[in-house]
Amino acid sequence: LVRGLWQGAGLLAILLAVYAGVRAVAGSDDMARAMTFMVLVLSNLGLIHVNRSWGRALPGRPGEPNRHFGWIASATLALLACVLLVPEISRLFAFVRPPPLLLLAGAGVALLSLLWFEGVKRALGRDRSGSPQVRRPSAPTLTAPSPRRPSTSRPRPACASRARRGCRSNRRTAPCPAG
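Using the numbering used here, the letters of the sequence shown map in sequence onto residues 1 to 179.
I should point out that these hints are in silico values taken from the structure, not numbers from a laboratory.
Mixed in with the good hints there might be a few duds.
The following label-pair restraints were derived from C-beta to C-beta distances [to be verified]:
{"no.": "1", "residue 1": "A123", "residue 2": "R91", "range": "24 to 32 Å"}
{"no.": "2", "residue 1": "A24", "residue 2": "L104", "range": "17 to 25 Å"}
{"no.": "3", "residue 1": "S74", "residue 2": "L103", "range": "16 to 24 Å"}
Owing to the predicted nature of the structure, the values given are computational and were not obtained by experimental measurement.
The beta carbon of each residue, even a glycine, is placed where N, CA and C say it ideally should be.
Just need the whole structure built from these sequences, with the hints factored in.
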């Protein structure tokens with residue numbers, strides 16, 4: 001919770017600075033809104049990327065592909081390009097198309113926010129023992145039962161016929177609900 005608050009507060013400060021800076025430079029509220037929106041969207045993608053793993057710095061190296069994030073990021077960037085570059089769609093959002101240099105500066109600010117998120121993760125991500133502070137529940141794993149003792153992770157059907165019918169009742173005396 002603390003990390004999320006710090007990351008969010010840092011992003012808010014960055015967005016306020018972008019809005020004020022673009023408004024001062026360009027003199028247009030519509031352009032300032034467009035740039036702030038662009039930095040917000042790109043920064044949120046960066047936030048997702050950074051927080052995919054609390055234990056490592058900048059996950060997603062070549063050995064760790066994530067197809068879902070790739071599809072989401074691609075779709076988000078395509079829609080962002082449509083919102084910023086297609087005049088009919090930009091008017092719906094009351095945006096003015098920023099010049100290319102300002103778009104590049106906005107992308108640079110989004111990269112700075114990525115560094116902020118990573119810095120917060122590193123600063124608040126581990127306790128003194130070196131282990132992560134947040135312990136997320138892991139997905140249940142299916143393991144084969146040990147040969148010495150029966151597995152207690154799932155109920156056993158009363159007989160083989162119940163197992164074939166898909167019965168999951170853990171009572172041997174209760175009638176099988178599967179029929």
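Results of checking the hints against the structure:
1. A123 x R91: 24 to 32 Å: Violated, since A123 and R91 (Cβ atoms, about 42 Å apart) do not stay within the stated range.
2. A24 x L104: 17 to 25 Å: Holds: the Cβ-Cβ distance is about 18 Å, inside 17 to 25 Å.
3. S74 x L103: 16 to 24 Å: 18 Å, holds
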